[in-house]
Amino acid sequence: MATEMTPDVSLETLVSRRASSSPWSDAMRRLRRSPVALLSGCLILLMIFIAVFAPLLAPHAYDAQDRAHTLINSGNGHALGTDNLGQDTLSRLSYGARVSLSVGLIVEAIELFIGVSLGLLAAYKGGLWDTILMRVTDAMFAFPDLLFAILLVGIIRPTSPASSFLTVFVALALVGWPGMARLVRGQALALREKEYVEAARATGVSGWGICTRHLLPNMLSPIIVALTVDIAGIIMAEATLSFLGIGIQPPFPSWGRMISDARPYLRSQPMLLVYPSIALASVVLAFNFFGDALRDALDPRLRQ
Amino acid sequence: MFTYIRNRILLAIPTLLAVSFITFFLGYLSPGSPIDIMLGQHSDPARVKQLEHEYGLDRPPLVQYGSFVWGAVTHGDLGRSFGTGQRPVTQIIAEQFPTTAFLALMSMLAAVAFGIPAGVLAALKHNRLLDRATMGFVLLMVSTPAFVFAPLLMLYFSLKLGWFPSSGWEGQEASFLGLKLIVPDWQYLIMPMVVLASRPAALLARFMRSSMLETIRQDYIRTANAKGLSPSRVLFKHALKNAFLPVLTVLGNTFGFLLTGSFVVENIFTIPGIGYQSVQSILSRDYPVIQGVALLVAVIFITVNLVVDILYGVLDPRVRYEGAK
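So the sequence lines, in the order shown, correspond to chains X and Y. When you line the first sequence up against our numbering, it's residues 1 to 304, in that order. When you line the second sequence up against our numbering, it's residues 1001 to 1325, in that order.
Note that these hints are calculated values from the structure, not bench results. Hints are not guaranteed to be accurate.
[To be verified] To be clear about the criterion: a stretch of chain Y counts as covered by chain X if any three or more of its residues have a C-beta under 8 Å from a C-beta of chain X, and this derived list gives those stretches:
id	region
1	1021-1027
2	1062-1074
3	1286-1296
[To be verified] Residues of chain Y placed beyond 12 Å of chain X at every Cβ, according to the derived structure:
id	residue
4	Phe1002
5	Ala1046
6	Val1048
7	His1053
8	Ala1113
9	Leu1152
10	Lys1160
11	Ser1166
12	Lys1180
13	Thr1223
14	Leu1245
15	Asn1253
16	Gln1280
17	Leu1283
18	Ile1310
19	Leu1315
Even for Gly, the Cβ is constructed at its ideal location relative to N, Cα and C.
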């Protein structure tokens, strides 16, 4: 701060700099200053890059079986070796990033849609809507998420490997939406009492307009933080379901499934288990840390 | 207090009804007839008809659901498994649950025995090496999933050192409250228990540490120190008791982790408990068993939450329930 006050910076530049700093650019500036945020942010960008360009980056197709070279350490065009079916570990890891990320994003999108609509409805309409939402979310909070998802997957069993994606999306979104709904409701209840909302209402803005133009934009930062932290939990949940054999079905690669499939070869090929474990753990940690850093950056008052 | 407990139990009834309703209708709507899965694709149509009738699947869904609820309420009948033997669901649960409960209880004890002292010590040595080491360990345990941790333990302790068997559950048969269970030999118990306890232990340690840090900054602790009480007396008589209260609510959540964790751990170590059974049932689409487990889980959680709330009231007289007034 003190360096900005040096005499060679004119008052005009200072004023214009001041005027151009929105809360978002302030947050970005704070984010760039935190080493944890930078490191975890880079890891997340790397994962997104790998997930998006998996077909170009992966040396083989995710389900190509090189029967002549099964369970090798490396070589023969397999940089990280192959599994028991001769499938290339590096290729499956890259496509696995795609699976993890798409499960994370799609589940979040569904959660966001249900959570925002129900949360706003409950906060804005109140009364019976609010009571019902609170009762339902209370009941759902009483159960551990993952256990709930396991049982849901059991009930809506997929009929084909491709439909296993749909099953995982639905199960995880059904488990996850109450958290988002409660967050949106709480934010909306607090914001509803602000003067600018009252002013908007007095000038005759419709309920829809108040929700979309005044309430939602002002609760964006807690929602973004929640989404970032949530995605770690969703990726972990997908991996657990797939590990148990009830998540994403082969031939589609999932890190959880890769860990499970590697277990019989633990003694001879331990790296088969280690690679997907490292991928999973680092991505989950990165999203957790980035979420924390984002929270600090968006709301400096919360910093401990 | 009695009114409060009664109200909570009454509130549990709609929750249980909702759980059974959702599991039943999601199962009903999901594609594929369970009988086809039971008999295989090219089965005799007459046999399919007969089995559908035996299971009552030829009735309208609401009638099926009604008779399920009636059977469950009047004589604790949760239907029969679609699997081999067509055994009653309650019988399957009664056989598998004691093992899960035993493992969960042991892990809970281990988690408390490790997590609470670790948290207290970390708080007393705030920002010193022991504190940082404990918190680093906590972070590691919270972010390492059981299905990564367990194989690594197996690799080292079973395959390399040969100390513990890498899977299995062998020991003495015992009976408790009319339920039979196998109490495993300690070699079989150690690794599953450590894996299952690691996450709750880490969470307990973290929570105990922050609660303790808050407590030792209170005025009454300063007073106790100032009037010359020995440090151990201040710790045990004044600080611990108050710091432990908020941790109690976390114990309830811990139980959630243990039950969820047992689904993973039982499958890794092939332990014949409810978690292993559930995943097998899911893979073979044995809906009645899944439905039964869902209800069991609901009952367990409603009970645990209630017990935690009651204990909280007993330990902290400041908490007053509406019903107790």
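For each hint, the structure was consulted:
Counting residues of the region 1021-1027 of chain Y whose beta carbon lies closer than 8 Å to any beta carbon of chain X gives 3, which reaches the threshold of three, so the coverage claim holds. Only residues whose beta carbon comes within less than 8 Å of a beta carbon in chain X count, and the region 1062-1074 of chain Y has 0; fewer than three means the coverage is violated. Under the rule that three or more residues need a Cβ within less than 8 Å of chain X, the assignment of the region 1286-1296 of chain Y holds, with 5 such residues. With a least CB separation of 22 Å from chain X, Phe1002 (chain Y) remains clear of the 12 Å interface cut-off, as annotated.
A cut-off of 12 Å between C-beta atoms confirms that Ala1046 (chain Y) is not in contact with chain X; the least separation is 25 Å. For Val1048 (chain Y), the condition that its CB be more than 12 Å from all CB atoms of chain X holds, with the nearest at approximately 18 Å. The claim that His1053 (chain Y) lies off the interface holds: its Cβ sits roughly 23 Å from the closest Cβ of chain X, which is beyond the 12 Å cut-off. Annotated as non-interface, Ala1113 (chain Y) keeps its C-beta farther than 12 Å from every C-beta of chain X; the closest such distance is 22 Å.
Some Cβ of chain X comes within 12 Å of the Cβ of Leu1152 (chain Y); the nearest lies about 8 Å off, and the non-interface call is violated. The beta carbon of Lys1160 (chain Y) sits about 9 Å from the closest Cβ of chain X, which is not more than 12 Å, so the claim that it is off the interface is violated. The claim that Ser1166 (chain Y) lies off the interface is violated: its Cβ sits roughly 8 Å from the closest Cβ of chain X, which falls inside the 12 Å cut-off. Taking the minimum C-beta to C-beta distance to chain X, about 25 Å, the non-interface status of Lys1180 (chain Y) holds against the 12 Å cut.
Distance to chain X confirms Thr1223 (chain Y) as a non-interface residue, since its nearest Cβ pair spans about 27 Å, more than 12 Å. Every CB of chain X lies more than 12 Å from the CB of Leu1245 (chain Y), the least distance being 21 Å, so the non-interface label holds. Consistency note on Asn1253 (chain Y): stated as away from chain X, yet its beta-carbon is not over 12 Å from all of that chain's, at 8 Å minimum. Not every beta carbon of chain X lies more than 12 Å from that of Gln1280 (chain Y), the smallest distance being close to 10 Å; the non-interface claim is violated.
Not every CB of chain X lies more than 12 Å from the CB of Leu1283 (chain Y), the least distance being 6 Å, so the non-interface label is violated. Here Ile1310 (chain Y) stays apart from chain X, with its beta-carbon at least about 15 Å from theirs, past the 12 Å limit. With a least beta-carbon separation of about 21 Å from chain X, Leu1315 (chain Y) lies farther than 12 Å from that chain, consistent with its non-interface assignment.
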